[in-house]
Amino acid sequence: MEYEAVIGLETHVQLNTKSKMWCGCANAYGAAPNTQVCPVCLGLPGVLPVPNEEALRKTILTGYLLNCEIPRFAKFDRKNYFYPDAPKNYQLTQYDKPSTANGFVEFEFQGGLSRVRITRAHLEEDVGKSFHFDRNSGVDFNRAGVPLMEIVSEPDITSADMAYEYLNALKDILLYGGVSDCDMEKGMVRCDVNVSVRPVGSTGLGAKIEIKNMNSFSGVRRALEYEIPRQIEVVKKGGKLIQSTRRWDDTTGITEEMRTKEHAHDYRYFPEPDMMPLAPTEEWLADVRKLVVELPLARKQRFIREYALPAADAETFKNDVALGNYFEPLAKQSANPKALANWVINNLRAKLTETNEREKTEQAELGIEPADLQLTTLADLKFPPAALLELVALVEAKTISSAAAQQVFAEMYATGQAPAAIVQEKGLAQVSDTGAIEKLCDEAIAASPGPVADYRAGKAAALNALKGYVMKLSKGKANPALAGDILERKLKA
Amino acid sequence: MPNALSLNQLSISELTGRLARREISAREITQACLDQIARVDGTVHAFISHNPADALAQADAADRELAAGVTIAQKPLLGIPIAIKDVLAVKDHPLNCGSKILGKFVSPYDATVIEKMRAAGAVIFGRLNMDEFAMGSSTETSAFGITRNPWDPARIPGGSSGGSAAAVAADEAIATLGTDTGGSIRQPAALCGCVGLKPTYGRVSRYGLTAFASSLDQIGPFTKNIEDSARVLGVISGLDPKDSTSVDVPVPDYVAALDGNIRGLKLGVPKEYLIGGLDPEVKASVDAAIQQYLALGAEIVDISLPHTDYAVATYYIVATAEASANLARFDGIRYGQRVDGADPLELYTRTRGAGFGAEVKRRIILGTYVLSSGYYDAYYLRAQKVRTLIRNDFLAAFKQVDAIITPTTPTAAFKIGEKSGDPLQMYLSDIFTISCNLAGISGISLPCGFTTNPKLPIGLQLLGQPFGEATLLKLAHAYEQSTPWHREKPGTLA
Amino acid sequence: MAATDIDVKYVAHLARIGLTPDEEATMSARLAGILGYIEKLKELDVTGVEPTAHAVPMVNVLRPDVVCPSLPHEAALANAPAQANGLFLVPKIVE
Ligand SMILES: [Mg+2]
Ligand SMILES: [Zn+2]
Numbered sequence: 046m047e048y049e050a051v052i053g054l055e056t057h058v059q060l061n062t063k064s065k066m067w068c069g070c071a072n073a074y075g076a077a078p079n080t081q082v083c084p085v086c087l088g089l090p091g092v093l094p095v096p097n098e099e100a101l102r103k104t105i106l107t108g109y110l111l112n113c114e115i116p117r118f119a120k121f122d123r124k125n126y127f128y129p130d131a132p133k134n135y136q137l138t139q140y141d142k143p144s145t146a147n148g149f150v151e152f153e154f155q156g157g158l159s160r161v162r163i164t165r166a167h168l169e170e171d172v173g174k175s176f177h178f179d180r181n182s183g184v185d186f187n188r189a190g191v192p193l194m195e196i197v198s199e200p201d202i203t204s205a206d207m208a209y210e211y212l213n214a215l216k217d218i219l220l221y222g223g224v225s226d227c228d229m230e231k232g233m234v235r236c237d238v239n240v241s242v243r244p245v246g247s248t249g250l251g252a253k254i255e256i257k258n259m260n261s262f263s264g265v266r267r268a269l270e271y272e273i274p275r276q277i278e279v280v281k282k283g284g285k286l287i288q289s290t291r292r293w294d295d296t297t298g299i300t301e302e303m304r305t306k307e308h309a310h311d312y313r314y315f316p317e318p319d320m321m322p323l324a325p326t327e328e329w330l331a332d333v334r335k336l337v338v339e340l341p342l343a344r345k346q347r348f349i350r351e352y353a354l355p356a357a358d359a360e361t362f363k364n365d366v367a368l369g370n371y372f373e374p375l376a377k378q379s380a381n382p383k384a385l386a387n388w389v390i391n392n393l394r395a396k397l398t399e400t401n402e403r404e405k406t407e408q409a410e411l412g413i414e415p416a417d418l419q420l421t422t423l424a425d426l427k428f429p430p431a432a433l434l435e436l437v438a439l440v441e442a443k444t445i446s447s448a449a450a451q452q453v454f455a456e457m458y459a460t461g462q463a464p465a466a467i468v469q470e471k472g473l474a475q476v477s478d479t480g481a482i483e484k485l486c487d488e489a490i491a492a493s494p495g496p497v498a499d500y501r502a503g504k505a506a507a508l509n510a511l512k513g514y515v516m517k518l519s520k521g522k523a524n525p526a527l528a529g530d531i532l533e534r535k536l537k538a
Numbered sequence: 072m073p074n075a076l077s078l079n080q081l082s083i084s085e086l087t088g089r090l091a092r093r094e095i096s097a098r099e100i101t102q103a104c105l106d107q108i109a110r111v112d113g114t115v116h117a118f119i120s121h122n123p124a125d126a127l128a129q130a131d132a133a134d135r136e137l138a139a140g141v142t143i144a145q146k147p148l149l150g151i152p153i154a155i156k157d158v159l160a161v162k163d164h165p166l167n168c169g170s171k172i173l174g175k176f177v178s179p180y181d182a183t184v185i186e187k188m189r190a191a192g193a194v195i196f197g198r199l200n201m202d203e204f205a206m207g208s209s210t211e212t213s214a215f216g217i218t219r220n221p222w223d224p225a226r227i228p229g230g231s232s233g234g235s236a237a238a239v240a241a242d243e244a245i246a247t248l249g250t251d252t253g254g255s256i257r258q259p260a261a262l263c264g265c266v267g268l269k270p271t272y273g274r275v276s277r278y279g280l281t282a283f284a285s286s287l288d289q290i291g292p293f294t295k296n297i298e299d300s301a302r303v304l305g306v307i308s309g310l311d312p313k314d315s316t317s318v319d320v321p322v323p324d325y326v327a328a329l330d331g332n333i334r335g336l337k338l339g340v341p342k343e344y345l346i347g348g349l350d351p352e353v354k355a356s357v358d359a360a361i362q363q364y365l366a367l368g369a370e371i372v373d374i375s376l377p378h379t380d381y382a383v384a385t386y387y388i389v390a391t392a393e394a395s396a397n398l399a400r401f402d403g404i405r406y407g408q409r410v411d412g413a414d415p416l417e418l419y420t421r422t423r424g425a426g427f428g429a430e431v432k433r434r435i436i437l438g439t440y441v442l443s444s445g446y447y448d449a450y451y452l453r454a455q456k457v458r459t460l461i462r463n464d465f466l467a468a469f470k471q472v473d474a475i476i477t478p479t480t481p482t483a484a485f486k487i488g489e490k491s492g493d494p495l496q497m498y499l500s501d502i503f504t505i506s507c508n509l510a511g512i513s514g515i516s517l518p519c520g521f522t523t524n525p526k527l528p529i530g531l532q533l534l535g536q537p538f539g540e541a542t543l544l545k546l547a548h549a550y551e552q553s554t555p556w557h558r559e560k561p562g563t564l565a
Numbered sequence: 351m352a353a354t355d356i357d358v359k360y361v362a363h364l365a366r367i368g369l370t371p372d373e374e375a376t377m378s379a380r381l382a383g384i385l386g387y388i389e390k391l392k393e394l395d396v397t398g399v400e401p402t403a404h405a406v407p408m409v410n411v412l413r414p415d416v417v418c419p420s421l422p423h424e425a426a427l428a429n430a431p432a433q434a435n436g437l438f439l440v441p442k443i444v445e
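Residue numbers (our numbering), protein chains in the order written: chain A, 46 to 538; chain B, 72 to 565; chain C, 351 to 445.
Derived by calculation from the structure, the hints in this document are not laboratory data.
Take these hints with a grain of salt, some might be off.
To spell it out: a stretch of chain C is covered by chain B in this simulated footprint if at least three of its residues, at any positions, have a beta carbon under 8 Å from a beta carbon of chain B; those stretches are [said to hold, decoys possible]: (1) 362-368; (2) 372-386; (3) 398-411; (4) 420-429; (5) 437-444.
Below are the BS3-like pairs computed for lysine-lysine, each with C-alpha atoms no more than 30 Å apart in a straight line [as the list claims (entries may be wrong)]: (6) K456/B / K390/C; (7) K390/C / K354/B; (8) K171/B / K490/B; (9) K174/A / K442/C; (10) K490/B / K124/A; (11) K171/B / K174/A; (12) K377/A / K306/A.
All C-beta atoms in this analysis are idealised placements derived from N, C-alpha and C, irrespective of residue type, glycine included.
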């Protein structure tokens, strides 16, 4: 019998507000332990939470981006459990009345489009961070009370790879919406996975097994790559799986049981009496809707459609939003957006990367901290965006060869000088004078007996060597297509 | 002047007048309170602790302000010593909530009411005894010993704000702050013969009040008379951005409302309050008070609050459920007394097992139970629905009447130890006060007479509309001014 | 629901309260009495009644996203029963 996996994900995402969820402490990563804490987020006697409006706004915005319904009534509840990193020993969360519900995420998977339904995206609070020593543990509450959004998917995911792609799509959406920085290294995104297996074709659900608290998407994929076959094997051998919670060990690459259903928590949820319910008004929601942005997948599809880009280029602009935003207004004015995309991706981006690498090395030598590095961005370029358009036009009009265009680009990147001026100053205009090129071709044929013989023996590629020779003789100014035509004619004669 | 009252026996109104005329100094007032504490608190034990040097330093600061021309209009409590129930956070002062579990905890912040009283010039001093975490009606559950009723030290002062009531009754402070979750201000005020006001839920910020039951708790003043109650309420009321449950309703001039004219105001007498356990002397005093109101020109209307009989049961579900979560933070991790363990679980159970007293443990366990899987709907959800019915009873009544009049307690102060073995009997002694918290309305208790043998105070309760404190105080003031009760002092401490 | 079916040992564990066997016995007896009294609420028909979670109905009480000063580090740790390296120390956390 064949088995399939049924996977649902709970993804916790830190919202990038300035202050914490219930108090004015900074929501900033990396401060010394217990320096961003106050009576409220330390859970001292007598304190009360007051919800951060911006965190709610970002949650509702996420709801819109995930095609969710926005209920007109939501509330916070207390989820009771004792843990040293939880200052109140209850977590404030949204239990039965979340701020958003019933959406979906659409993403590319295995050459097509997949859709995973979203049960809800609700707002809650993060806990402190524990450090483990030999005999005891230490807790830093700086992270306690940071706004956390939990995005719960329906069990629509069927494989480790699909889970991985779903998570990446989700992350792209959150980055697009500007709701989270999604920095995995800083623990801003953490996942719990629910996975069960069942015979293909059956609709029932097997015993749900939860794998807790993974902080990388590749970890999720690896955990599932381990866990799914493990479950299938148990079932195939006639064993029985029971509802349980497991821990993923990233070093050993295995999951191990933490607790079973009998030891499940009894969270004793009840409505938070210290805070009032939420009933977003139409006016407030309309303001949030103004923040809705185009989704990553839609952007990619639109770039392919509107600018006739290859999928890979559109993907690049989807992933590098700033680069795409640089490209798009130019593309609208360009006769050849595809060529323009080529320049933006292969030349401009490469050059920027190269510059940044150099800057990093130089500044590191000066002792500047990684966080304080001053790097060149698209906004710092010496040439105006229109110059790139002009450069592409010069190539299109065959005024300069693509080899010459490289020189022009290097120059304008370095000095900000206009392309036409560089072409003129350096005499880079392409030679399309047939007579002149005929002469250079003769010279090339005479100097290259080897390639000539190869070509005549039927190796068409040998023509490139001769063409290269002509370009070299012309110092890159010869029209390469013309040179090719002339060489071919002469050799066939 | 023979029989002249000493400064600690005077009211805020009298003292601020004399301070303004520079007849007396704030230091003299504070010193008089400190002297009285030295004299009587060995018997009364209203205070867990107090710091005379700190109190006098604040009094001196008030005197400097008075000398510099700061007026009572600018700072209505300037130089007035006000003592604080041990459940409210005062910066750099200990905070124990009458419990062992907080150990040597010192608050790093001020409650909003404390900030407001400081801004009004009050001398904030002392930690007043209370039932542990405000759970009790007799101040017998404190880890810091029992407080005694100034009228009869063999009797309880009521609770949970027993220290706050006793301190005012024994003239150890000019006024005090307490908290009321099911009657914890009104009941001890009644039993100690002073004025205790429970404001409307949301009238006074709860920020800095260690929560017992978040949806029921409210801070309020204990004072020697109604005008003082109005003065303190005016200072501590108002919207607080730190408390999402505080309400943006303007704070009226409560003192200005005390014009004595109650002609035509309607007072409702609920038939459900004539219960079996009502002491005949208490009933007689309340009946006399009703007659007095008629004489003052008020109208008396018979009303019904049909769900009254369900209030105590509802209260013990709602309050203990909220408390079970509110008290989870006392775990020995970030503050408080710790009993170490091999792992966090052991640390928690040992710390909380050793740190909480029997009544607190009982209520946490009850509250945990009513929320636990399989019981939520039967207990907690049902109680919340009954709460709606109780609240609706009051809202319907207030369409007919301006306030409701009842006894505050079924009996006068009982003997120490008399009910401590029977929690249910203790709970039922709050029968007249509990509904007010469930409904979120305002309530006040004021003296309306004495039992004869022994002589113990009897309290009259007036319940007012949400945010109807001005009317409530006006009604209370008219009665008070026409009766002698508030002028009586306990004789046992003389 | 039976009034007296409270499993005190289990509930005390949920609440993380250590009880001696004596305390457990007294607790069971007392709670049984209180729960018996609470049964009273079952007399009422609450069909269609909305639950009251807040005495004063309000919605959307929010704060602006503004950073305010935190506690000084020393004050944050001043009440800690055990601390080291700026952290609150606890017995080793094992899941
Ligand atoms: Mg969650
Ligand atoms: Zn904070």
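Consistency of the hints with the structure:
1. 362-368: holds (count 7)
2. 372-386: holds (count 8)
3. 398-411: Holds, because 10 residues of the region 398-411 of chain C bring their Cβ atoms closer than 8 Å to Cβ atoms of chain B.
4. 420-429: holds (count 5)
5. 437-444: holds (count 6)
6. K456/B / K390/C: OK: K456/B and K390/C at ~14 Å, within 30 Å.
7. K390/C / K354/B: holds (27 Å)
8. K171/B / K490/B: holds (23 Å)
9. K174/A / K442/C: holds (13 Å)
10. K490/B / K124/A: Distance ~35 Å between K490/B and K124/A Cα, so the pair is violated.
11. K171/B / K174/A: holds (28 Å)
12. K377/A / K306/A: Violated, because 59 Å separates the two Cα atoms, which is more than 30 Å.
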